[in-house]
Amino acid sequence: MNAIELILREISNGRKSFIPVDSTQESMEDFQSIAKLLIYCEKQSWLDSIKPKKESRSGNDWYETVPVLGDLTYEGEQYLESLASKNTNSENSPKEDIIELKPNFMGIGINLNALIRWRKTKNKQNQKLEPTVKTSVE
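Just so you know, we're using the numbering used here here: the sequence shown kicks off at 1 and counts up by one.
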């Protein structure tokens, strides 16, 4: 899950304010990337509105809080769903091991579903490599 997806998911779950962990320089520096991502999300029309507030005490012009006014827009919800479906598709891809080392017969088990999927992909690859030109003999 990327940072934008995490932020949008938190807002979707009801989070209304983003602030640094504490007031140390390190926390403030780390928070700047989150604030900039929130500003980016608003510019992409994924958020209704935000009100970033900068501090003036340190002279660094850092964002110190970013309240979220409203919620995700329709575009934001659609974008979040598209990210979630990408994650689901990549998780369901056949990257399983064919041989699993777990307590089974003599310590080795075979994942038949992964073996069948692997064999099907190999067959498809071999079919693509075979020549498709047919010659006729008269």
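Treat the hints with caution; some may be incorrect.
[To be verified] Pairs of lysine-lysine, BS3-like flavour, derived with a Cα cap of 27 Å:
(1) K36 with K53
(2) K53 with K43
(3) K36 with K54
(4) K36 with K16
(5) K122 with K86
(6) K36 with K86
(7) K54 with K86
(8) K16 with K43
(9) K51 with K36
(10) K16 with K53
(11) K51 with K86
Don't read these hints as lab results, they were simulated from the structure.
Hints and how they fare:
| no. | hint | in the structure |
| --- | --- | --- |
| 1 | K36 with K53 | holds (12 Å) |
| 2 | K53 with K43 | holds (16 Å) |
| 3 | K36 with K54 | holds (12 Å) |
| 4 | K36 with K16 | holds (16 Å) |
| 5 | K122 with K86 | holds (24 Å) |
| 6 | K36 with K86 | holds (24 Å) |
| 7 | K54 with K86 | violated (35 Å) |
| 8 | K16 with K43 | holds (18 Å) |
| 9 | K51 with K36 | holds (12 Å) |
| 10 | K16 with K53 | holds (14 Å) |
| 11 | K51 with K86 | violated (30 Å) |
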